[in-house]
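Please build the complete structure, drawing on both the sequences and the hints.
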Amino acid sequence: MTATVQKKICMVGGFSVGKTSLVKRYVESVFSETYLTTVGVKIDKKTVTMGDKAVHLILWDLAGEDDMSSLRLSYMRGSAGYVLVADGTRPATLETALALRKRVEADYGPLPFALLINKNDLSDQWAVSDDDIEGLRRDGWWVRSSSARTGEGVEDAFTDLASRVVR
Amino acid sequence: MEDLPAQIPAPLAARLQALTFADRAVAWLRIDDSLALVDVGGNLEAYGLGALRLGAPAVEQVPLLEGLLPPVEQPYLVPSVEVAKGRVADLHFWQDEPDGGGATWVALVEVTTERDMARRLQQKAYDMTLLQEREAALNRQLETANAALLATQRELEASRDELARWNRTLEERVAAQVAELERVNRLKRFLAPSIAELLVSSGDDSILRRHRRDIAVLFCDLRGFTAFSESAEPEEVSELLHDYHATLVPLVQSFEGTLDRFVGDGLMVFFNDPMPCPDPAERAVRLAVAMREAVAALAAAWRKRGHQVGFGIGVAQGFATLGQIGFEGRFDYSAIGTVVNTAARLCDAAADGQILVTSRVAIAVGDLAELADMGALAIKGLSRPLAVSNVLALKSAEHQVVWLNRQTR
Chain A
46 MTATVQKKIC
56 MVGGFSVGKT
66 SLVKRYVESV
76 FSETYLTTVG
86 VKIDKKTVTM
96 GDKAVHLILW
106 DLAGEDDMSS
116 LRLSYMRGSA
126 GYVLVADGTR
136 PATLETALAL
146 RKRVEADYGP
156 LPFALLINKN
166 DLSDQWAVSD
176 DDIEGLRRDG
186 WWVRSSSART
196 GEGVEDAFTD
206 LASRVVR
Chain B
5 MEDLPAQIPA
15 PLAARLQALT
25 FADRAVAWLR
35 IDDSLALVDV
45 GGNLEAYGLG
55 ALRLGAPAVE
65 QVPLLEGLLP
75 PVEQPYLVPS
85 VEVAKGRVAD
95 LHFWQDEPDG
105 GGATWVALVE
115 VTTERDMARR
125 LQQKAYDMTL
135 LQEREAALNR
145 QLETANAALL
155 ATQRELEASR
165 DELARWNRTL
175 EERVAAQVAE
185 LERVNRLKRF
195 LAPSIAELLV
205 SSGDDSILRR
215 HRRDIAVLFC
225 DLRGFTAFSE
235 SAEPEEVSEL
245 LHDYHATLVP
255 LVQSFEGTLD
265 RFVGDGLMVF
275 FNDPMPCPDP
285 AERAVRLAVA
295 MREAVAALAA
305 AWRKRGHQVG
315 FGIGVAQGFA
325 TLGQIGFEGR
335 FDYSAIGTVV
345 NTAARLCDAA
355 ADGQILVTSR
365 VAIAVGDLAE
375 LADMGALAIK
385 GLSRPLAVSN
395 VLALKSAEHQ
405 VVWLNRQTR
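Taken in order, these protein sequences are the chains called A and B. Residue numbering for the first sequence follows this note's numbering, beginning at 46 and increasing consecutively. Residue numbering for the second sequence follows this note's numbering, beginning at 5 and increasing consecutively.
Hints in this document: simulated from the structure, not taken from any laboratory. Glycine is no exception: its CB is placed at the ideal position from the N, C-alpha and C atoms. Mixed in with the good hints there might be a few duds.
[Said to hold, decoys possible] Rough simulated footprint, nothing fancy, chain A against chain B, three-plus residues with beta-carbon under 8 Å:
1) 83 to 89
2) 116 to 126
3) 129 to 140
[Said to hold, decoys possible] No more than 27 Å apart at the CA atoms, straight line, and that leaves these computed lysine-lysine pairs for DSSO-like:
4) B:Lys89 x A:Lys52
5) A:Lys52 x A:Lys90
6) A:Lys69 x B:Lys89
[Said to hold, decoys possible] Now the in silico label distances, taken between C-beta atoms and shown as ranges:
7) A:Asp97 x B:Glu118: 42 to 48 Å
8) A:Ala137 x B:Glu159: 29 to 35 Å
9) A:Leu181 x B:Ala168: 49 to 55 Å
10) A:Leu81 x B:Thr148: 28 to 34 Å
In C-alpha cells:
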C-alpha cells in the first residue's frame with residue numbers, strides 16, 4: 046500500500062507576478078491571458094508521487110504583496126515550504142520577494158523554498174540580469190526563470206520543493 | 005455585550021440572526037484531541053464537504069486544515085479562503101476550553117460577496133498600478149533610446165567634421181598634384197618625359213632659373229623641304245612632317261637630350277642641361293648618327309613617292325645661357341649663345357647626309373667616330389672661319405649597339 050503524505054505549500058510574492066497562473070499551470074496544465082487578482086487565499090490540491098509515497102500538495106495561493114496591504118503571514122501557519130515568485134519584467138518584484146523571504150524566515154524559521162522568476166516568455170521586456178540570478182544561486186538558493194504561459198520551469202520547481210519538504 | 009442578546013426581544017434576535025446568515029453558507033466542524041472529526045453541521049455541501057466521516061482524521065478529509073491543527077492560539081481566524089470554486093469563507097478556530105484544550109471548533113462563514121467586492125476594487129487598483137509601472141518602464145526605455153540617439157548624433161557630427169577635414173586635406177592634395185602635373189607638363193615640353201618627372205619628383209625647379217653651362221647643341225633639318233612643300237599638297241607635307249617628328253623625337257628622348265624646339269622641319273636639341281651629363285659632345289654625335297640613319301630610311305620611302313628630300317645636321321659645343329625665357333603664360337626653356345648660332349650655321353652648311361661638327365666636338369669624339377676634315381668654313385656672325393669636320397660613321401658597331409640597347413630599355 047502506498048503511503049500518503051500531505052504538505053501545505055504557499056505561493057508568496059508581489060502582486061501580478063503570476064502566482065495563480067503558476068498554480069493553474071501546475072495543477073490544470075492551462076494558462077489564461079486574463080489577469081484576475083487574488084483576494085485572501087485560494088486553495089488547490091495536486092498529488093505527486095515521490096518514490097513510494099503519494100504526496101498531496103495543498104497549495105495556498107496567497108494574495109500578492111502590494112503598497113497598500115502587506116502579506117498576511119498568518120496564512121503561512123503550518124506551511125511545509127513555499128514558492129517565492131517574482132516577475133522578470135519588473136525588477137522591483139524581485140526586491141519584494143527577497144524582503145518577503147526575510148519576513149517568512151523571521152516568523153517561521155528557514156522553511157524550504159524555491160524562487161521562480163516568472164514571465165520569461167516576455168524576453169523583450171526581461172529586466173533581471175543573469176548575474177543577479179547567478180548571485181542568488183551562489184548563495185545556495187534554488188532559482189529558476191519560469192513561464193506560466195509555456196510551462197517552462199514550473200513542474201521542476203514544485204517537484205524539487207516537494208522532494209525537499211517530504212525529506 | 006454578553007448581556008445584549010438577553011436585552012433584545014426574541015423576535016428581533018431571531019430577525020438579526022436571519023439577516024446575518026441570509027445568503028451565507030455557514031458550516032462547522034468539531035475535532036477532538038486525536039484530530040478526528042466528532043461532529044459536523046451546517047451547509048457543508050456548499051464547500052464541497054458533503055461526505056465527511058465522523059471518527060476519521062479531520063485533516064485527511066478537509067485538506068485546508070493541513071498544518072492548522074491543533075490551533076496554536078485561540079480564537080484564530082483565517083480570513084477569506086476560497087474553499088471550493090467560487091465559495092469563500094472566513095475560517096474561525098476556537099476550543100471548548102477558554103485557555104485551550106478540549107475539542108476544536110472550526111466555523112466556515114461565507115464571505116464570497118465581500119471578497120468579490122474587495123476583488124473588484126483591488127483589480128482596478130492593480131490594473132492602474134501596472135499601467136503606471138508600464139508607462140514608467142516605457143519612459144525609461146524612451147530615455148535610454150533618446151540617450152543612444154543623442155550619442156549617435158554626436159558621433160555623426162564628429163564623423164562629419166572628420167569628413168570635412170578629410171575633404172580639405174583631399175582638396176589640398178588634389179591641388180598639389182594638379183600643380184605637380186602642370187609642372188610635369190611644362191617640363192615635358194622641353195625635356196624627355198622621364199627627366200621631367202625626375203625633376204618634378206625631386207621637387208627642385210631651381211634649374212628653371214637662368215644660368216650658364218657648357219652644352220653640346222645639335223641642329224638638324226631637311227634639305228629640299230621648302231621646294232617639296234611648295235610643290236606638294238598640304239596633307240602630304242603634314243604627313244611627311246608627322247613621320248619625321250615621330251621618328252626623331254623618340255630618338256632625342258632615348259639619348260636623354262633636351263628638345264629645345266622644332267620649327268617646321270628644323271629641330272634643336274642640347275645636352276648637359278638641365279640634366280648634367282659627362283659627355284655632351286659624344287651624345288650629340290651619337291644622336292646625330294642615329295638621326296641620319298633613321299631619316300635615310302624615311303627618305304628612301306619618300307623617294308619612292310617622288311619626293312627628293314635630304315637631311316643635314318650641325319653640332320657645336322660651348323657655353324650658353326639657359327633657363328626659362330619668355331613672359332607670363334608663355335615660357336620656354338631654352339639656350340642662348342654663340343654655340344647655338346654656330347650649330348645652326350653648321351646645319352645650314354651641311355649637305356644631305358652630312359653631320360658637321362666644330363673642332364672641339366671633333367676632338368671630343370675622335371675615338372669613337374670617323375671624321376673627315378672639311379677645312380675652315382666662314383660662319384655668319386663669327387669674325388673668323390671655323391674648322392669643321394664631317395662625321396662619316398661611328399668607328400665601332402659596339403657604339404651603336406650601346407645606344408640601340410639604351411633606346412629599347
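Hint-by-hint comparison with the structure:
Remark: the segment 83 to 89 of chain B is confirmed as covered by chain A, as 5 of its residues place a Cβ nearer than 8 Å to a Cβ of that chain, reaching the required three. Check result for the segment 116 to 126 of chain B against chain A: holds, 4 residues qualifying (beta carbon to beta carbon below 8 Å, three or more required). Proximity of the segment 129 to 140 of chain B to chain A, defined as three or more residues with a beta carbon under 8 Å from a beta carbon of that chain, is established by the 6 residues found. For the hint linking B:Lys89 to A:Lys52, the alpha-carbon distance of about 21 Å falls within 27 Å, and the restraint holds.
The suggested pairing of A:Lys52 with A:Lys90 holds, with an alpha-carbon distance near 10 Å, which does not exceed 27 Å. The hinted pair formed by A:Lys69 and B:Lys89 meets the criterion: a straight-line CA distance of about 13 Å does not exceed 27 Å. For A:Asp97 and B:Glu118, the hinted distance range of 42 to 48 Å is satisfied, since their beta carbons lie about 44 Å from each other. Between A:Ala137 and B:Glu159 the CB atoms are about 34 Å apart, so this pair conforms to the stated range of 29 to 35 Å.
The beta-carbon spacing between A:Leu181 and B:Ala168, approximately 53 Å, falls within the hinted interval of 49 to 55 Å. Roughly 33 Å separates the CB atoms of A:Leu81 and B:Thr148, a value that falls within the hinted 28 to 34 Å.
In summary, this structure violates none of the numbered hints.
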